[in-house]
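Here is what each chain is made of, one letter per residue.
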Amino acid sequence: MKEKQATMDKLLTVSMSPHVHHRDTTSRLMYGVVIALLPAWAASVWFFGWGALYIPLLSVFFAVLFEYLIARFLLKREPSVRDGSAVVTGLLLAFTLPVNIPVWILAIGVFVAIGVGKMSFGGLGTNPFNPALVGRVFLFISFPVQMTSWPLPKGFATADAVTGATPLGLLKEGMRQGEHVADMMKELPANLDMFMGHMPGSMGEVAAAALLLGFLYLLWKRIITWHIPVTIFVTVFLFSGLLWLIDPVNNATPWFHLLSGGLMLGAIFMATDYVTSPMTHRGMIWYGVGIGLLTVIIRRWGAYPEGVQFAILIMNAFVPLINLYVKPKRFGEVKKNG
Amino acid sequence: MQKIKTFPKGGVHPPEHKLSAGRPIEVLPPGGRVVVPVVQHIGAPAEPVVQRGDEVKVGQLLAKSSGYVSANVHSPVSGKVFRIDKRFDASGYKRTSVIIDVEGDDWLPEIDRSETLVREITAAREEILARIQEAGIVGMGGATFPSHVKLNVPRGKKAELLIINGVECEPYLTADHRLMLERGEELLVGTRILMKALGVDRAVIGIENNKPDAIEHLSRLTAAEEGITVQPLKVKYPQGGEKQLIKAVTGREVPSGGLPIDVGVVVHNVGTTVAAYEAVQKNKPLIERVVTVTGKSLAKPSNFLVRIGTPISALVDAAGGLPDDTGKVVLGGPMMGKAVARLDIPVTKGISGVLLIPDAEAHRRPYQACIRCARCVSVCPMGLEPYLLMDLGVHERFERARDERVMDCIECGSCSYICPADRPLLDYIRLDKLRVGEMIRKAKQAVK
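Chains as they are written, first to last, in our numbering: chain H, 1 to 338; chain W, 1001 to 1448.
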């Protein structure tokens, strides 16, 4: 039988459909997050000087190094540090620390984040808790002094850093001494200063404006959806606003809650961590509501001035449950009668 | 201007690459040897009624439908039956086929080959159904379900609306686009025929708005037509899926496990509709179809009107020959088409395109850990959770997969397409469906 020559002299690849793929890869998404963090990083350097440049770089270096070593020598498998997730973890952890953090404490924090928070569960995709927050909370509990001496923004001035309390720290301290919140609000930074980042705080959390710029980038590139951050913002605003309306003497304004502490950084970059957040949009909304409520509750009634980190970690623990019970709306679901 | 509609949940938008959109349909004359499989449809194989050495004419019955859900197969060429033997088809299996050596182009005299448009529909409803069944018409969008079965509304159900599927949401494919542009009049008569068969007074032609010329052309033609309208749709894959198209046009959801008729709708592809016109008005069985031959490296991406049974190699040669860098040959579109290992596979009733993919794009990337980004969940047009279904497949937890509605999956591939970790989601979902299907069949037998 005569066959066409073209048919047989070539081996063709055969695989199941689909035969095309979207251009996004894990590493593209991760480096997208890094790009979205750049405005906040730049703002941080502007406010806190060169330290804010090299501490995050050092943190990224440690994160990649530890992940590589653990994968290669403990788990004995091909390290996948090129996927960029360790870079994101390192950067995010650094962003939650004060700029004057000693390097050895930073190294311990990164080790806990990567080693305990991520690799002990099997690496990328399997950790239940946000690794950067695991590292931060470990440091926060182990080194309370170093972790709460917040340098005031001084830019590139060479004078010795002056440290002070964060706005949330001031608020909590005042409340403990029985002062009226309404009186204290006058001494706290103005909303505009807080929006621009002119306040003491961790490296990456202070500049709300820069963080929101990053948020827009993430939305534009479709790296995350609006559901988690917006739900957190709305919940915090409404809940703290309700408290403020009921009792303005003993509660801070909702604007203050939105702009202070790590809320922006947490809501935009930590709560949206793929691995530790829910899989459905409705689930994300429940999760965001939970984080918002817990944040305000901890800030208002808890022992710590800031509640975002704990709120996110607590809601991380609920994610498997949310995934089990909050299902997407199935197409053509037949309503059961009776 | 009409409101542009779409389905609300999920979907993706792969690059369109409609390379052959501007190329008119070319007739590819028959020649050489054709291979006509007796199964080109969903359902029972047709039974050959010719023998080795028989002389056949174009349109003559080669294999007779062997049940209600089955379809006749007619000779696409004239010539001599070389033999009846097993040959590879697009599925990768060998199927019983009638192999014919082409001699001339001699048609059965009762087929009207003139180009005159026959507008008036004289056939009664029963006659239309009989003609369509006789002509061996099946869903030409790719599903190849026998059309007469879809047109015969079961007792207790009522059809209200006919949707003509001109969506062509697969990248690269342009066969339906060209048909709408070049055979619009016939398409509308075909639509009337299907409306009459169903007893409906309303039909909507759904077209994605990346084909503005087709929308405009058919809108002009339908302006005078009572009951037929054109509905522009937003470009979104898999809008050509029956359930998604019905949702987009009517807002109704076909219930899980149900059929379009459960919400009063019947959907037919534009190719099928034109074939119905030819069957009823011209007495012509389904022996040829329009096939897009395309690919980034192909010299001359084209749309061919080609006889069933022609080897795809002949189509590729007519489009400028197989490019040197070809790594994969796909029959159909890149999202749902089948990759084949050889080029001697014949064109069958459901093949809408031949796509040549360069070697650089022919291979899958190795897959990585799931980062739980939830993209697969948000693109799934059926509201399923592909990451979970894959996981259940890996761990062979098929009962749970059944409870998570894996059988609702339409295998559109949006999940595998979007996954940033390149995970083979749909592969495992297919495994789930296979095992769950076996489970369901066993349970049914146990009841009996």
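A hint or two may mislead.
Okay, derived cross-link-like pairs now, EDC-like style, lysine to aspartate or glutamate, Cα gap no bigger than 16 angstroms in a straight line [to be verified]: (1) H:Lys329 to W:Asp1408; (2) H:Lys327 to W:Asp1403; (3) H:Lys329 to W:Asp1403; (4) H:Lys327 to W:Glu1404.
Partial list, computed: chain H residues near chain W (C-beta under 8 angstroms) [as the list claims (entries may be wrong)]: (5) Val14; (6) Met16; (7) His19; (8) Asp24; (9) Arg82; (10) Ser120; (11) Leu124; (12) Gly125; (13) Thr148; (14) Ser149; (15) Asp247; (16) Asn250; (17) Leu313; (18) Gly332.
Far from chain H, some chain W residues (derived; all Cβ distances over 10 angstroms) [as the list claims (entries may be wrong)]: (19) Lys1018; (20) Pro1048; (21) Trp1107; (22) Glu1115; (23) Asn1152; (24) Asn1283; (25) Lys1338; (26) His1363; (27) Cys1370; (28) Arg1372; (29) Gly1383.
Hints are computed from structural coordinates only; laboratory data are not their basis.
All C-beta atoms, glycine included, are put in the ideal place defined by N, C-alpha and C.
Quick rundown of the hints versus the structure:
1. H:Lys329 to W:Asp1408: holds (13 angstroms)
2. H:Lys327 to W:Asp1403: Satisfied, since the Cα-Cα distance of roughly 12 angstroms is no more than 16 angstroms.
3. H:Lys329 to W:Asp1403: holds (14 angstroms)
4. H:Lys327 to W:Glu1404: Holds - the C-alpha atoms of glutamate 1404 of chain W and lysine 327 of chain H are around 9 angstroms apart, at most 16 angstroms.
5. Val14: holds (5 angstroms)
6. Met16: holds (6 angstroms)
7. His19: Holds. Min distance 4 angstroms.
8. Asp24: holds (5 angstroms)
9. Arg82: At 10 angstroms from the nearest chain W Cβ, arginine 82 of chain H fails the 8 angstroms test, so the hint is violated.
10. Ser120: violated (15 angstroms)
11. Leu124: Status holds, d = 5 angstroms.
12. Gly125: holds (4 angstroms)
13. Thr148: violated (33 angstroms)
14. Ser149: violated (36 angstroms)
15. Asp247: violated (39 angstroms)
16. Asn250: Asparagine 250 of chain H check fails; min Cβ-Cβ to chain W is 40 angstroms, beyond 8 angstroms.
17. Leu313: Because about 17 angstroms separates leucine 313 of chain H from the closest Cβ in chain W, which is outside the 8 angstroms limit, the hint is violated.
18. Gly332: holds (4 angstroms)
19. Lys1018: holds (14 angstroms)
20. Pro1048: holds (20 angstroms)
21. Trp1107: The assertion about tryptophan 1107 of chain W holds, with a minimum of 27 angstroms to chain H.
22. Glu1115: Glutamate 1115 of chain W clear of chain H: closest Cβ-Cβ about 33 angstroms, beyond 10 angstroms.
23. Asn1152: holds (23 angstroms)
24. Asn1283: It holds; asparagine 1283 of chain W is separated from chain H by about 34 angstroms at its closest Cβ, greater than 10 angstroms.
25. Lys1338: At roughly 7 angstroms from the nearest Cβ of chain H, lysine 1338 of chain W sits no farther out than 10 angstroms, so the non-interface label is violated.
26. His1363: violated (6 angstroms)
27. Cys1370: Its Cβ does come within 10 angstroms of chain H, the nearest being 5 angstroms, so this is violated.
28. Arg1372: violated (5 angstroms)
29. Gly1383: Non-interface label on glycine 1383 of chain W violated, nearest chain H Cβ at 4 angstroms vs cutoff 10 angstroms.
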